[in-house]
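When you get a sec, could you build the whole thing from the sequences and use the hints?
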Amino acid sequence: MDKVKKITQKRLFLPVFCMFLVMAANIIYDVACGEFAFSFFTISVRNGVLYGRLIDILNRGSEIAILAIGMTLVVSASAGTDISVGSVMSLAASFCCMLLAGYGVSSTTELAVPLIVGVLGGILMGCVCGAFNGTLVAYLNVQPMVATLILFSAARAIGLLLCNNLIVYVRNDSFKFFGGYLGFIPTPIIIAAVCVVVMALLLKKTALGLYVQSVGINKKASRIAGLNSSKIIFVCYLVCGLMAGIAGIVASSRISSADSNNIGLNYEMDAILAVALGGNSLGGGKFSLAGSIIGAYTIQAITTTLYALGVSTDVAPVFKAIIVIIIVTIQAPPFKAYMKRRAARKALAKGGAAA
Amino acid sequence: MDNNVVLTMRGICMTFPGVKALDHVDFTLRKGEIHALMGENGAGKSTLIKCLTGINAFEAGEIRVDGIDGPVVNHSTLDAQKKGISTVYQEVNLCPNLSVAENLFIGREPKTKIGTIDWKTMVKRSQKIVQDLDMDIDVTQNLEEYSLALQQMIAIARAVDMDCKVLILDEPTSSLDDNEVEKLFKLMNQLKAKGVGIIFVTHFLEQVYAVCDRITVLRDGQLVGEYPIEDLPRVKLVAAMMGKDFDDLASIKSDESPVFSDEDILIDAEGMSHKGTIKPFNLQIHKGEVVGLTGLLGSGRSELARVIYGADKNQTGTLKVKGKEAKINAPIDAMKLGMGLLPDDRKAEGIIGDLSVRENIILALQAKRGMFRLLPMSKQIELADKYIDMLQIKTASRETLIKQLSGGNQQKVILGRWLATDPDFLILDEPTRGIDIGTKTEIQKLVLKLAKEGKGIIFISSEIEEMLRTCTKMAVLRDGMKVGEITESLSQETVMKAIAGGDK
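If you read the protein sequences in the order shown, they are chains A and B. Quick note on this note's numbering: the first sequence kicks off at 1 and runs consecutively. Quick note on this note's numbering: the second sequence kicks off at 1 and runs consecutively.
Please note that a few of the clues may not be correct.
[Stated by the list, open to error] Listed next, the in silico DMTMM-like pairs over lysine to aspartate or glutamate satisfying Cα-Cα at most 20 Å (straight line): (1) B:K128 - B:D118; (2) A:K220 - B:D345; (3) B:K128 - B:D138; (4) A:K204 - B:E382; (5) A:K204 - B:D354; (6) B:K124 - B:D134; (7) A:K336 - B:E59; (8) B:K192 - B:D134; (9) A:K220 - B:E59; (10) A:K205 - B:E382; (11) B:K322 - B:D422; (12) B:K128 - B:D161; (13) A:K346 - B:D345; (14) B:K287 - B:D312; (15) B:K327 - B:D424; (16) A:K220 - B:D134; (17) A:K340 - B:D161; (18) A:K286 - B:D354; (19) A:K286 - B:E399; (20) B:K324 - B:E270; (21) A:K204 - B:E488; (22) B:K379 - B:D333; (23) B:K287 - B:D268; (24) B:K452 - B:D422; (25) A:K231 - B:E144; (26) B:K320 - B:D262; (27) A:K220 - B:D312; (28) A:K231 - B:D345; (29) A:K220 - B:E465; (30) A:K220 - B:E145; (31) B:K113 - B:D134.
[Said to hold, decoys possible] Chain B is faced by these chain A residues, among others (derived, beta-carbon under 7 Å): (32) A207; (33) S214; (34) K220; (35) A221; (36) R223; (37) I224; (38) A225; (39) G285; (40) K286.
Simulated from the structure, these hints should not be mistaken for laboratory data. By construction, the Cβ of each residue, glycine as well, lies at the ideal position given by its N, Cα and C atoms.
Now the structure itself:
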């Protein structure tokens, strides 16, 4: 019993538990359909690449996972959210494609500049957006929601301007790589993994985690203790922009184009949700990167599962909302306290009966 | 229930992770009584009160309140208020961004016929409340416009106005100056005459003997006893609180006053100032010198120190550290020059509540080292353990969140944070506020020890006696200006005279 208790009290218990719930739903569905019970987990190689629902979730969830890294830092340090990441993704994609295709060109098979220039350009554009948000929040003390609202509404339009109001197609195999495959593994999975590992190492090997949490919990006290609170918040937004840039490149590469109006649409909500599902308080302070990443893939798992169940794209958000409500309720402190009281009462009743 | 008794608590038990915070504690409060609740840090005073007001859920025991049948269990402060139990906490728990009137009536706003807030009545009634307390403030201004002391008085005014049977004052005087304390006492006596039972938690012994009728002493979560004030002279009270006789506070400083040469100048401030808080001042601090900053609350004593440290930006003049001109733009610059500042507002500027004791202790040292030179965990643990041991911090473990510690122990953690950076020059702003007598002596001894090691120290305290015991020089401040220095014949009288401004 004690062992069970110990496990349930772990910080990451609930996010992981939720992930398992989603997986269980898949298994039940598969059994109900008379299919092999673990078809959800089956990974096979078709056409020389990995194939399976699990791979699909990992692959499609890459962008959200990458965004969740930056969002976690932003939430922790500034007790606010960056709602511009989806739009910044789109802007980064547009800029990248514009560089690759050349201004005003709507479709190309030849790259106008070396691939690396385009990609780095896109990522750099993400950083610039992050720096813009960071400056507003950290140095001008604008509320995060308001500050990032600017790029939330403007970034897509800037992207369109850059692309001369066109959807720019870059039909070049080298550009497809980022949304395609490296050997038999989907590249997005690798990119997301690299981002996560780099951030995890930064958190483990440097004092970044301590700094960010400290500033998020008490900005004034952190300053007195020698931290440059503003700079730390700025860096968090910068990283968030960087991640949005990377996610933008991946999303754009998947469809070989820069569709300004659709790339990263509503991704900011998924990224914020991932942080919340990971058991992190949106009020800032303590955070768990692992929680956010698990949260990100949980969201993708829900989406993929719904599609697998045959729920149409239009109504899927409704079911998604219901599932999210359940997950968030389970994690809410009052609910936890209620369960604890109930368990205590039960134990008492049991003890009374025994005596 | 006895007619005269307004509140009884019987056998209250409460456990924090790893600590038995309260162990079968009894407490009785009578009508029209000022009852002191005494004990050292972590003795369980605040916890007991939080059990009463519904912030903590106690595990065993019973609370009875006059006029209510059956045992009372409060689930929130609001709950407690409805039952006639009002509280003013150690730290001001009001909303700084709301007006004074709003703060006074929050949660119980007067309503008009159609159910909206009746602002006119609210302001009118607020004005009456503050006038009754001789406070000269504009109730429509935001609370944050007023000093901490005034905010505290407003918190008390709010509690008083709620027709309470039991008024709990948890360290209300720790941020008040003598004048304001006097006003508060007058108010307490008025309430007492009305039949309100007052629970008074404080560390100031003089205040206990000035107003209280009865004393209940706690130690390590257990009840030591309840005594009428006449039966418990100071020495006995201290002995009861500490469980032992303590050595005389007065005897810790050696009599011979040290001599400093110009070569030993550590800090040389010339014409430094910050607009609106402190006018230009000069100050020299030598190695091994303890300089006291004294003055009434709001006289600029904290602000002066903050300018030197760079917490508030210096706008004029120059600062020389060890003879070299120093440019300080932010606290980190000051830290790199070997400075440290223990701020007076512990909650707002000291603790990082959701971080552990260990993280709080190493924070400043880590900041000094920079982000990329993370202190190895073994070193962090070593440091944390060292200061928990050295400062006798009462905590369940080094990984306990600092917000779970009692106020005094939090203060010790912050002190540990600065000692860990091994500073040459340390500014201690009210380091002993909210700290029990035993530890107070320890901290004073520590200050003298640090000075002996050649460190320069600025010591700020509301208690003149405490400064007399530690300081070799005192700078006197009045109305945001440094008005003088006292180096010879330091005594309560001379200092008081200087603060008051002599015959002018």
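Outcome of the hint check:
Note on K128 (chain B) and D118 (chain B): the hinted pairing holds, with a Cα-Cα distance of about 16 Å set against a maximum of 20 Å. Of the supplied pair hints, the one linking K220 (chain A) and D345 (chain B) holds, its CA atoms being roughly 11 Å apart against a limit of 20 Å. As the CA atoms of K128 (chain B) and D138 (chain B) are separated by approximately 11 Å, the hinted pair is consistent with the 20 Å bound. Among the hinted pairs, K204 (chain A) with E382 (chain B) is consistent with the structure: their alpha-carbon atoms are about 19 Å apart, no more than 20 Å.
For the suggested pair K204 (chain A) and D354 (chain B), the alpha carbons sit about 19 Å apart, so the restraint of at most 20 Å is met. Pair hint K124 (chain B) plus D134 (chain B) holds up; C-alpha atoms about 15 Å apart against a cutoff of 20 Å. Using a Cα cut-off of 20 Å, the hinted pair K336 (chain A) and E59 (chain B) holds, with the two alpha carbons roughly 18 Å apart. Under the criterion of a C-alpha separation no larger than 20 Å, the hint pairing K192 (chain B) with D134 (chain B) is consistent with the structure, at around 18 Å.
Distance restraint check for K220 (chain A) and E59 (chain B): the Cα-Cα separation of roughly 36 Å exceeds the 20 Å cut-off, and the hinted pair is therefore not satisfied. With a C-alpha separation of about 19 Å, the suggested pair K205 (chain A) and E382 (chain B) falls inside the 20 Å cut-off, and the hint holds. At roughly 16 Å between alpha-carbon atoms, K322 (chain B) and D422 (chain B) fall within 20 Å of each other, so this suggested pair holds. Between K128 (chain B) and D161 (chain B) the CA atoms are separated by roughly 11 Å; this keeps the pair inside 20 Å, and the hint holds.
With a CA separation close to 45 Å, the supplied pair K346 (chain A) and D345 (chain B) exceeds the 20 Å bound. At roughly 24 Å between alpha-carbon atoms, K287 (chain B) and D312 (chain B) are farther apart than 20 Å, so this suggested pair is violated. Distance restraint check for K327 (chain B) and D424 (chain B): the Cα-Cα separation of roughly 17 Å lies within the 20 Å cut-off, and the hinted pair is therefore satisfied. A hinted pair counts as satisfied when its Cα atoms are at most 20 Å apart, and K220 (chain A) with D134 (chain B) does not qualify at roughly 33 Å.
Simply put, K340 (chain A) and D161 (chain B) have alpha-carbon atoms about 38 Å apart, too far for the 20 Å limit, and the pair is violated. A hinted pair counts as satisfied when its Cα atoms are at most 20 Å apart, and K286 (chain A) with D354 (chain B) qualifies at roughly 7 Å. Note on K286 (chain A) and E399 (chain B): the hinted pairing holds, with a Cα-Cα distance of about 14 Å set against a maximum of 20 Å. Proposed proximity of K324 (chain B) and E270 (chain B) is supported: the alpha carbons are some 13 Å apart, at most 20 Å.
Simply put, K204 (chain A) and E488 (chain B) have alpha-carbon atoms about 54 Å apart, too far for the 20 Å limit, and the pair is violated. Restraint check for K379 (chain B) and D333 (chain B): the C-alpha separation of about 24 Å exceeds 20 Å, so the hint is violated. Distance check on the hinted pair: K287 (chain B) and D268 (chain B) sit about 11 Å apart at the alpha-carbon level, within 20 Å; holds. For the given pair, K452 (chain B) sits about 14 Å from D422 (chain B) by alpha-carbon distance, which is consistent with the 20 Å threshold.
For the suggested pair K231 (chain A) and E144 (chain B), the alpha carbons sit about 26 Å apart, so the restraint of at most 20 Å is broken. Between K320 (chain B) and D262 (chain B), the direct Cα distance comes to roughly 13 Å. Compliance with the 20 Å bound is thereby established for this hinted pair. Proximity of K220 (chain A) to D312 (chain B) is assessed by CA-CA distance (about 12 Å); at most 20 Å being required, the pair is judged to hold. Among the hinted pairs, K231 (chain A) with D345 (chain B) is inconsistent with the structure: their alpha-carbon atoms are about 24 Å apart, more than 20 Å.
As the CA atoms of K220 (chain A) and E465 (chain B) are separated by approximately 31 Å, the hinted pair breaks the 20 Å bound. A distance of roughly 18 Å separates the Cα atoms of K220 (chain A) and E145 (chain B); the hinted pair therefore holds under the 20 Å criterion. This hinted pair does not check out: K113 (chain B) and D134 (chain B) have alpha carbons roughly 32 Å apart, beyond 20 Å. Evaluation of the A207 (chain A) hint against chain B yields a held restraint, the C-beta minimum of about 5 Å falling below 7 Å.
Interface restraint check for S214 (chain A): the shortest CB-CB distance to chain B comes to about 5 Å, inside 7 Å, so the restraint holds. With its C-beta approaching chain B no nearer than about 5 Å, K220 (chain A) sits inside the 7 Å limit, and its interface hint holds. Given hint, A221 (chain A) at the interface with chain B, holds; its Cβ is 5 Å from that chain's nearest Cβ, closer than 7 Å. Restraint check, R223 (chain A) versus chain B: the minimum CB separation of about 6 Å is within 7 Å; hint holds.
Evaluation of the I224 (chain A) hint against chain B yields a held restraint, the C-beta minimum of about 5 Å falling below 7 Å. Nearest Cβ of chain B to the Cβ of A225 (chain A): about 5 Å, under the 7 Å cut. The hint holds. Taking 7 Å as the C-beta cut-off, the interface hint given for G285 (chain A) holds, the closest approach to chain B being about 5 Å. Given the 7 Å rule on beta carbons, the hint for K286 (chain A) holds: about 5 Å separates it from the nearest Cβ of chain B.
The structure is inconsistent with the numbered hints 9, 13, 14, 16, 17, 21, 22, 25, 28, 29, 31, although it conforms to all the rest.
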